[in-house]
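**Student:** Using the sequences provided together with the hints, build the complete structure.
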Amino acid sequence: MPVRILKKKELIPGQTVLLVLDAPQIARKSRPGNFVILRVDETGERVPLTIADRDAEAGTITLVFLVVGKTTAHLATLGEGQDILDVCGPLGKPTHIEPCSSVICVGGGTGIAAMHHIAKGHVAAGNKVAVIIGARNRELLLFREELAAFCHEVLVATDDGSLGHKGLVTEVLKARLEADKCVSEVVAVGPVPMMEAVAKVTRPFGVKTTVSLNAIMVDGIGMCGACRCTVEGKTRFACVEGPEFDGHQVDFQELKMRLGQFRPEEKDCFDKFRCRS
Amino acid sequence: MPEQPARERAGNFREVTLGYTAEDAAREAARCLQCKNPPCRKGCPVEIDIKGFIGRLREGDRDGAYRVLRETNSLPAVCGRVCPQEVQCEGACVLGKKGEPVAIGRLERYVADSFAAGNGCRQSTGERACAAPREVRVACIGSGPASLTAAGYLASLGVAVTVFEALHEPGGVLVYGIPEFRLPKSVVRRELAAMGEMGVSFRTNWVGGKTITVRDLLDEGYAAVFIGVGAGLPRFMDIPGENLIGVYSANEYLTRVNLGRAAFPGYDTPVCRGARVAVLGGGNVAMDAARTALRLGAKAVTVVYRRTKGEMPARREELNHALEEGVRLELLANPLRYNGDESRRLTGMTLERQRLGAPDASGRRSPEPTGETFELPVDTAIIAIGTRPNPILLESTPELRLGKRGYIEVDPASGETALPRVYAGGDIVTGAATVISAMGAGRRAARAIARKFLGEDAVTA
Chain A
1 MPVRILKKKE LIPGQTVLLV LDAPQIARKS RPGNFVILRV DETGERVPLT
51 IADRDAEAGT ITLVFLVVGK TTAHLATLGE GQDILDVCGP LGKPTHIEPC
101 SSVICVGGGT GIAAMHHIAK GHVAAGNKVA VIIGARNREL LLFREELAAF
151 CHEVLVATDD GSLGHKGLVT EVLKARLEAD KCVSEVVAVG PVPMMEAVAK
201 VTRPFGVKTT VSLNAIMVDG IGMCGACRCT VEGKTRFACV EGPEFDGHQV
251 DFQELKMRLG QFRPEEKDCF DKFRCRS
Chain B
1 MPEQPARERA GNFREVTLGY TAEDAAREAA RCLQCKNPPC RKGCPVEIDI
51 KGFIGRLREG DRDGAYRVLR ETNSLPAVCG RVCPQEVQCE GACVLGKKGE
101 PVAIGRLERY VADSFAAGNG CRQSTGERAC AAPREVRVAC IGSGPASLTA
151 AGYLASLGVA VTVFEALHEP GGVLVYGIPE FRLPKSVVRR ELAAMGEMGV
201 SFRTNWVGGK TITVRDLLDE GYAAVFIGVG AGLPRFMDIP GENLIGVYSA
251 NEYLTRVNLG RAAFPGYDTP VCRGARVAVL GGGNVAMDAA RTALRLGAKA
301 VTVVYRRTKG EMPARREELN HALEEGVRLE LLANPLRYNG DESRRLTGMT
351 LERQRLGAPD ASGRRSPEPT GETFELPVDT AIIAIGTRPN PILLESTPEL
401 RLGKRGYIEV DPASGETALP RVYAGGDIVT GAATVISAMG AGRRAARAIA
451 RKFLGEDAVT A
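Those protein sequence lines, which keep their order, are chains A and B.
So for the first sequence, our numbering puts the first residue at 1; every next one is plus one.
So for the second sequence, our numbering puts the first residue at 1; every next one is plus one.
Hints listed in this document are in silico derivations from the structure and should not be mistaken for laboratory results.
Worth double-checking, as some hints may not be accurate.
Listed next, the in silico DMTMM-like pairs over lysine to aspartate or glutamate satisfying Cα-Cα at most 20 Å (straight line) [said to hold, decoys possible]:
hint : chain 1 : residue 1 : chain 2 : residue 2
1    : A       : Lys256    : B       : Glu242
2    : A       : Lys128    : A       : Asp83
3    : A       : Lys29     : B       : Asp219
4    : A       : Lys7      : A       : Asp83
5    : A       : Lys29     : B       : Asp216
6    : B       : Lys185    : B       : Glu15
7    : B       : Lys185    : A       : Asp41
8    : A       : Lys9      : A       : Asp55
To give an idea of the chain A side of the interface with chain B (calculated C-beta under 7 Å), a few residues [claimed, not checked]:
hint : residue
9    : Pro24
10   : Arg39
11   : Gly44
12   : Gly222
13   : Gly225
14   : Arg228
15   : Glu265
16   : Cys269
17   : Cys275
18   : Ser277
Glycine included, C-beta positions come from ideal geometry on N, C-alpha and C.
**Tutor:** Written out as C-alpha cells, the structure reads:
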C-alpha cells in the first residue's frame, strides 16, 4: 500500500530532506533505533532509512535523508501529497536503553537525525543525555534546536568553527570523557569514519560504545544476509541482529568495503537518472 | 514436453519448458489406466483427485478437470511446474513400474494454464467459492505456498482471510526464490489474482512480528492465525573470507534478480554479474542460482558439492537442465576459505578434495576430508547450503514452543502450536522443504481451523 507524504522540508537545500509520512501502523510500533525499507516506485531499489522520529497519535513517522544516489534523488523530487510506493517497518532491534544512566549521543551529518530519535528515547527513560553534533559549518547542523529542547546539553563542533568547537566531534567527546567520569554509554550515529573514530576515542576510557551500522540491505528481514558485518569476529546480520552493535567490536574496514561494493552500478544508475531529469 | 533449446535458453529468462499442446495432453491423458484404487493420489501431499481430473480431461472436459484440481489445490499452475512429481504422484503411478508413469505434473500444468487462458476471471474456481461469507476472520502471516494454500482453502468455505506479507509482492518463495525461467511470475500473479477473487485480501509490507504481532491479530478479532513465514535466514559456512565482496547467499542473489528484477532493463537493483561463478550446494536452490548466473552472462559456472552426483538433493530434471545449459560440476569438494584482493573482492576459493565415507543419519554417505587442496579462481560465489529459522516472528511470540533446531513445534495432525488458535506450517515448522509439502501443511491447518471455527459439517475435503 502506498504511503503518503504529509510534510516535506529541505533541511539543507539540494542535499538533505525531511519527510513526514502517514504510516499509522509503523508509527505505533516504532521505537528509537528502528528503520524502514522503502521503494519509491515499481522499478526502484529497496533501501533502508532510519526513523528519525515518530508521532504515534498522529500516526506519522519522520525520515531524514541525504541525497547520495538515484533512490534518494528520486525521493527528493516527491512533494507533499505524493506517495511512496512501499514503506516497510519498523525493522531492526530497537535501541537498548539502560535506565538510570548518563549517556552521550554523538551525531554526524545526516546521522544526527537518527541519533535524535535515540536521544529522545534515553531522555524519555529518565536518562541524563548530552549530545555532541558536528558538521562542516553551522548551516549544516541538523536538529540543533529540537535536541536543545529536550536534551540536558548540546555540544557542537564545526569544521570551520562557525559554531561551537572548531574541529571534530571526537575532540569534544574526548575532552568530555576526561572531565566527566560518570558517563555510562556513548552512542554514535553518522558516517562510518566518524563512528570508527568515536569507538577509538572511547576505548581507552572503557566506556560502552554503541554504533548504528548502515549496511547495504535488500529485504531487511534477515532473509538474504547482504547486510552481514563482522562483530567480535562473528558474522552478524545488521537488519535483524542490529543495526546497533558494540562499536569496539565492529570490523569497520570490512563495513566500508562492503558499503562500496556496488559503487559503479550505483553511479551508473544515478547518472542515467540525472540525464533524464 | 517441448523445451527451449539449451543453448538458446541459457541466454534468456523465458520459461524453459514450453508446456503441452491440446494434442500432447490428450495423448498423455489417454495413457492413464484410471485404476480402481489409484496409488497416485496417496502420493500427493494435498490429495488431488488425480484420477478424477485426468478422467475429465479424457472426456474433453477441461473446465471440469480444472474444478477437480482446484478442489484441493489452490496453486495448480505452480505445482504443475515445481513439484517433485517423480517422488510423489508419478512415483506412485502403476505405469511407472514397467515404463514411464503418466506425466501428471505436465497434465496439471496444461489444465491450469489452458483454463486460465480460456477463462480469465472465471478462474476463481468451483462451487465452493460461492460459499456464503461468514463472520469468521483468519489471518495468515507470510504469503508463500503454505499460507496461500491455507488461505485458499478457508476462503473457499467463505472465511474472510487476510494475508500479511513482509515483502512488497505476495508469493513468498514463488516470487523471490524460484526464477522466472522455471516459474514465470505471471503464473504466480494469475494464481494470486484468482485467490483475490475468492475474497482473500493481501497486505504487503507488513512484517509479522514487527508491523503486527500474533497477539495483535488475535486481539483484533481474528479467530485464528496461521504462521507460514518460511525458513528464513541463509546459512553460511563460517569459513575465512565469507564476507568478501562477491560472496552471496543464494537468497540474496536470487532475491536481487527475482524480486528486484536486477537483470531487467530499467530496474535499479544491482547485482554482481560475475564472469566465473561458483555455487556451493547440491539442491534445487543451487541449480536455480547456477542457471541464473548463466543467464546473467557468466562465462563459467561451477556447482561445488561435497558428495557425488548421486547424493545431490536437487531434482534430476533441474540438474539435467543445468548440465545441458553448460553448468559444470566440481564434486567431492568442500571450500576451506575464500581468497580476496586488497579491496576485499573475491578472487578465488581454496577447496579440499573429499571422499565418501559411511552413510549419515539421512542415509546419504558422508563426505570425509582427504587433506588434498586445490584452488578455484572465481569472482562470485553463491552459497546455497540451506537456511535456519528467521528469528523475527519467533522473538516477538515467546509463547510458541520451538524444537531443537529452532523451528516451531506443532501438533502434526492440526498444525496447532503451543499457543491456542495459532497454527503454523511449511518451512518454519519442518525446515527447508518443498513447495508442495508446505502446501500440504497449509491444507491440514486450514482444515483444522475450519473444523474448530465453522463446525465439522463445513469440512468437505
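**Student:** Would you mind marking each hint as holding or not holding in the structure?
**Tutor:** Going down the list of hints, with the structure as the test:
no.	hint	result
1	A:Lys256 to B:Glu242	holds (16 Å)
2	A:Lys128 to A:Asp83	violated (38 Å)
3	A:Lys29 to B:Asp219	holds (15 Å)
4	A:Lys7 to A:Asp83	holds (11 Å)
5	A:Lys29 to B:Asp216	holds (11 Å)
6	B:Lys185 to B:Glu15	holds (10 Å)
7	B:Lys185 to A:Asp41	holds (18 Å)
8	A:Lys9 to A:Asp55	holds (17 Å)
9	Pro24	violated (11 Å)
10	Arg39	holds (6 Å)
11	Gly44	holds (6 Å)
12	Gly222	holds (5 Å)
13	Gly225	holds (4 Å)
14	Arg228	holds (6 Å)
15	Glu265	holds (4 Å)
16	Cys269	holds (5 Å)
17	Cys275	violated (14 Å)
18	Ser277	violated (14 Å)
In this structure, the earlier hints numbered 2, 9, 17 and 18 are contradicted, and the remaining ones agree with it.
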